[in-house]
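Going line by line, the protein sequences match chains A, B and C. Heads up: the first sequence at position 150 corresponds to 1572 in my numbering, and the numbers run straight through without jumps. Heads up: the second sequence at position 174 corresponds to 268 in my numbering, and the numbers run straight through without jumps. Heads up: the third sequence at position 228 corresponds to 231 in my numbering, and the numbers run straight through without jumps.
There could be a bad hint or two in this list.
[What the hints assert, rightly or not] With a straight-line cut-off of 20 Å between C-alpha atoms, the simulated EDC-like cross-links for lysine to aspartate or glutamate are:
(1) Lys-385(B) to Glu-1491(A)
(2) Lys-273(C) to Glu-1525(A)
(3) Lys-182(C) to Asp-193(C)
(4) Lys-1519(A) to Glu-271(C)
(5) Lys-1537(A) to Asp-16(C)
(6) Lys-1611(A) to Asp-1450(A)
(7) Lys-54(C) to Glu-353(B)
(8) Lys-1519(A) to Glu-270(C)
(9) Lys-273(C) to Glu-1563(A)
(10) Lys-383(B) to Asp-222(B)
(11) Lys-352(B) to Asp-344(C)
(12) Lys-214(C) to Asp-86(C)
(13) Lys-352(B) to Glu-339(B)
(14) Lys-26(C) to Glu-1563(A)
(15) Lys-1537(A) to Glu-1525(A)
(16) Lys-1519(A) to Glu-1569(A)
Keep in mind that the hints were calculated from the coordinates and are not lab data.
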Amino acid sequence: MISARNISKVFNAGRPNEFTALHGVSLDVQLHETTVLKGPSGSGKTTLLSLIGCMARPTTGRIFLNEREITSLPERFLTEVRRSTFGFIFQQFNLIKGISALENVMAPAYPTGEKFSLLRRRAMETLEMFDLGKRADARIEWLSGGEAQRVAIARALIHNPAIIIADEPTTHLDTRLSHEFMDIMGDLKARGTTIILASHDPLVYGSDLVDRVVEMRDGQVVDGESAL
Amino acid sequence: MILDPGILALLVSSLLISLMSLYASGWSIRILRRWDLASGSELQLALERRTYLISTIVSYFLAFQLVSLFLFIQTADSISHLFVGAMCAVGTLTVSSFGYPTLLLKIVTFILAGLWLILNHADNQGYDYPLIKAKYLLLLIMAPFILAETVVQGAYFLGLRPDIITSCCGSLFSQNSHKITSEILAAPSAPMEIVFYSSMFITFAAGARLFVQGKGGYFFASMSGIAFLTSIVSVISFISLYFYEMPSHHCPFCILQKEYGYAGYPLYILMLSGTVTGLGVGLLQQFSKEKSLAETIPALQRKLAAVSLTAFFLFTVIVTCQILFSNFKLEGY
Amino acid sequence: MTRMIERQRHIMDFTLAALLRRKGKNGALLSVYTLLVFILASILFFTHALKHEAALVLNEAPEIIVQRTMTGRYQTIPVAWSDRIRQINGVISVHPRLWGYKYDKDFLANYTMMVPAGNPPEPGSIDIGSGISRMRGANRGDIIAFAGHDGQPRSFTIRNIFDSESQLVTSDLILLSEKDYRDFSGIPEDQSTDLALQVRNPREYATIAEKISRMYPDSRPIVRTEIQRTYDALFGWRSGLMIVIFAAVALAFVIFAWDKATGLSAEEQKEIGILKAVGWETSDIMLMKFWEGSIISLTAFLLGTILAYAHVFFTSAALFAPVIKGWSTLYPTFRLTPFIDFGQVATLFFLTVVPYTVTTIIPSWRAATIDPDTVMR
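With the rest of the complex left out, here is chain A (with noise of 0.2 Å):
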């Protein structure tokens, strides 16, 4: 379980752009379940999906992972829990320019210094998952969307992360690659990974897939059965 007490992130302190991007946010999200933040732009979605995963540290409150206090770890240690433990989708992919797509899979894994047959052999079979063996070799520049989309995908499963983390997947997809995306979500959820969203696209909240619905707004949770 992955619970959040209390916790407030502010941007800019003691300037005059000072921000409050989180109010006093406290938050349970259970394992194997697929978990959907709900809100309007600056709610404060992205900034809270950033601190469950261990992007940033929040300015005050706590956050466990599994009974495990994160929030004071260095940056190494908070770094080396990320890559163990999520995996991340982005509103828009994020993947690397000018590199293969296979390239970009391995990626996150170099620092590990795993071996490199090993982790190649590893990438492969990811993007074969996803029928993109062929494509393995193409620069990113020469992948269509929907390929791209699984391409990021693949990137984020490379760790076997427990914890799937996106980020409004779908805002720049069509209906049909956004289907596919949450079918994608809905292997992944059958195999026991925990899915947390952040989105305010009806066809992500409104999935089946979907086990519970967080809504925010200005920096706190207004409504979602999470009250505790």
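Given chain A's structure and the hints, the job is docking chains B and C onto it.
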């Protein structure tokens, strides 16, 4: 001063290094005063990020300092004939009283930087920055030495006046104004050989004990310090003789020259790395009680001891081979 | 251990690919960097080679030379002095020497003319250096003419052309007999250019020199080691001066490098953000930046050094030899003996790689500490 390219290079680099170390010290003070791991404030995040910068700076410093140490000796050697009576680096260094202090400061700062990096490495293994205060205190101790080195080195080079021909007559008559001692006072050779081999033997024994039983960190560290000092004295006293194959040439610098196959470089690098890692073992012993490092420190100490022992061992092997296979025999000197 | 090496390898590979992806920017940096190393290395190699040549010359020079001055200016010395000087204890031998320079208007060249101590050519014949032979197109057995002190040409048969280890020394040299030289230069029978002394013990140099100047107050004894010191200080000083001037160029480079390092393109910034988001840590990015700097520095360093080596030793530093060689430009061309040591390479390293590295440390660190969540914002 002498406008030699080597001198310029040394002055420029030490100036740059001093600036970097001043910058790092500024942040050290801030880290020592404002560090609060429990806080998620932006200041704390910024300080944590600075630690990456500072450890990078010190790593570069270590590398540069090693090169600068040898370049300093090399430059001193190459300008030695500018001074009446100077035959090699020894003569140049004795031209002014700042010569040897500069060399000493270079060695000290190199060792300190090495120890700092060992401490930093250990600290990075702990999830709560257990050594942060010690680390930045050590950095603050190191900074004055680095600055002193820059100043002393500057004073040394700026004060050098070559004995050259003037328009009216030769420099002959200035010759008697100063006399350079080109010979180094050497400890008697035969007893020193015994001291050298016994100190190496005790160091190996202490290292083996630490490696196998994990005991005696301080003892091993002090022994490697002693081994360092005896090695230097031994190089001057008898090791150099076997390289030069001359009974009275005790110079510790000439073995860095081509004529002697650059033998000095491996010898001194081994000596320095053995000492830094050996002393590192003792430094870490100090912090072995830290909870978050309870497991990593003994493992790290073993690794360091292994490196240190290998270095001293290779040093001893090279020296012994030279003694055995050199045409020179010490008997009678 | 293997993991650590693999990590280094992966990140290095990735960095290399990233560098190649941004050819334009990195190419510009690399060329400026290489040019800088090239210029600096050329200065260093060239002056060092000159020093080396000078040392070769001096190795064969007499231990003490006695000149005569009049009103502070150089004068020919009476041959008779050598008899009294020979009486001084410790002096093995005294040789009056005859030598001088000859400017050839037609070929704009400066020759060194000299009467050798042993095996001088027959009157009417000469030995010449390879530089003169090349320039005048003269070979063994040819007859060659030079105008003497009175303007009248004198012709000589070439007996030999020499080519020795140090071309700087022999390239412009003409050896001839004493009789021809006196006729050619107009030096009277009882005078010579200077006296060359051989001394048994180096420790006695100073005493002997002192005795000579007491014996002949207008004499000027010069000890060999002093000449060497003076040459060295002069060459060292010249190259040092060039480097100081050059420092301005280097500063411009540092600013350029700083600009390149801080001016991360939006794409590069995004790339680092992505890497951090998907699991790279600050120190991984720093490692990447370290490799980036090392690859650029190493390439520029090697390239610049090799180019400078070719420039100095194959083309005789065609680009700036006149500046360094200075006061008496040696017209006939000559080749320098290749000579490089650790000190030069380390000096070069400290004057180029170290400033570059120091310049890029802070910008790289800034790039490496981009928040991983920037890609989500």
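State the violated hints by number, sorted upward, taking the hints as numbered earlier in the document.
-> When the structure is compared with the hints, none of them turns out to be violated.
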